[in-house]
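Two chains, two separate frames, one set of hints: put the complex together.
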Amino acid sequence: MINEIISMNGYGIYIWSAFSFTLIGFAVLYLVIKVQLVKEQLKFNSKFASLTSEKIKSAKKQETYREILANISISKI
Amino acid sequence: MLKSFEPNKIFLITSRAPKYVLFLFIIVLSIGLTEALFLSPEDYKQSHSVRIMYVHVPSAWISLGIFSLIAFLSLGVFIFKNKNFSLISKSLAPSGFVFNIIALVTGAIWGKPTWGTWWAWDARITSMLILALFYLMYILAWRIYEEKNQANKITSIIAILGLINVPIIKFSVDWWTTLHQPSSVKLLSETSIHTSMIIPLLIMTAAFALFSILIFLMKYNTELIKIKNKGLDRL
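Protein sequences, first through last, are from chains A and B.
Just so you know, our numbering puts 46 at position 46 of the first sequence, and the rest follows in order with no gaps.
Just so you know, our numbering puts 110 at position 110 of the second sequence, and the rest follows in order with no gaps.
The shape of chain B in the complex, shown without the other chains (with noise of 0.2 Å):
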């Protein structure tokens, strides 16, 4: 089965997969705007301000979603010995940053209406910084470190150790007293948001997880070329 992550059969697929992805990321971001911004209700606390979840809410989610992705990739790179499964987890990385930045961000603007504060010491928002800094540890190991197999081992390290702090942040509402508020989405209860509402946010979901492949591939076939390139040397 680990036959199908070989770079070469892979990269046929991913060279090929971008324009498609784009054009579907353009056409479902447009609808996910046209709901987020000028469909959906407003909230009857919050008034229009609510309309921030639907950007910071899936970045936070995506951010987690890829961290959490890269660390369990990184388990297998010690499991299974395989060197695609960091070069998969490297190409994963500048976006799951990214959306980490625009949650924090955006979080901070929401912030303000809502709480009167850009910026609170909490244990949501905290534990979100501490995984932009695990994500821009991993980042510049791989910038650091020439040594491939030493570069390797250190991201994945670095990874592994990050995995800690993802279910901190996911409880971090419910472990302590916060200013952020606990999850209105869960999987296992009932949503307490109401529909007209968790249509928009399901579409930029999808449309950030959209962007996020896009980046992905991009970043892989980069990744797959340097190889590459480095391969014309010793023909």
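Chain A with its partners taken away, still in its complex shape (with noise of 0.2 Å):
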């Protein structure tokens, strides 16, 4: 049964390796992306660290910042 399932009719090697690449593409582009995020995402929160409570207030009043700083806490996907 296993054999059969992995051989299929001799076609296995080409079938496994078509959607072993389709998944291996997935998941190297989505580990790409996520990285990417993160790293805006640290950086966003270092710079907004530093800034003077006068300016965070500021910054706290535009809805985006305020989404963005939720989910730097929240966004562990």
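Simulated from the structure, these hints should not be mistaken for lab results.
Virtual Cβ for every residue (Gly too), placed ideally from N, Cα, C.
Each hint should be verified, as a subset may be incorrect.
As the list claims (entries may be wrong) - Derived DSS-like pairs (lysine-lysine); straight-line CA-CA distance at most 30 Å:
no. : chain 1 : residue 1 : chain 2 : residue 2
1   : B       : K83       : A       : K55
2   : A       : K34       : B       : K226
3   : A       : K39       : B       : K9
4   : B       : K9        : B       : K230
5   : A       : K47       : B       : K230
6   : B       : K83       : B       : K19
7   : B       : K9        : A       : K60
8   : A       : K43       : B       : K153
9   : A       : K61       : B       : K81
Said to hold, decoys possible - Covered by chain B, according to a simulated footprint, are these stretches of chain A (three or more residues, beta-carbon under 8 Å):
no. : segment
10  : 19-28
11  : 36-44
12  : 54-64
Here it is, written out as structure tokens:
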């Protein structure tokens, strides 16, 4: 049964390599984009932390800044 | 209406959506893989090698769809002067390019047992390779040109020029005698694939579409945070 699934009438090498290439491609792309996102979030966080309290106040008035800050703390996917 | 395309408004959705899309993608992909690899029948002519269709065809469809979307958004950049269109296009390109490469590689893997060769310079395959080159030029242009307006213009021109290649890809199998088979799934006429094969094909297409949405959302968020990082300097 398992041998049958692996060999697939002799086409197994083609089928498994096509599916593997696709899934590895997905994983690599996901990781690359995730690393870029986390890098930018960390950069934002450190920049934000170095702001004066007055500038932090004015930045927090903007919804997007608040959303980015909220996502840095919860986005761990 | 164009106001709803403002990055600040979109970010409220794009920042929260990835985790839900990832969850949905994993579920749909698991169902799709089970159907494609184990439950769907083998072809009377191609035997089990037909299963490669379940990754090759959706990849080709999505890479073509994404490039067409990028090209139309690029037209929008010129017509409506909406810069968020170029941000959306830029965020769509990585997944489109990867799907294009997957379509080419899995096509080559499928070609070996079916045609006896990994590669042939036939119209469909060559035009897909040209599409990959357009994707590459588009992505590289964003990296090369540092001045934002210039990058916007150059990338939009590349995308609009690349749009000419899209109908060539679609109709290449009808216009020329090619090694590649004609389309089996048609929107306007009867599809020549059996339901037992079309269902896994559609499930895999849905999974791949969800993956491209996930990558788009993450890339879009990255680009927007990059802009906001610069904004912090100006506070």
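- Of the numbered hints stated previously, which ones are contradicted by the structure, given in increasing order? Hint check: nothing fails, all pass.
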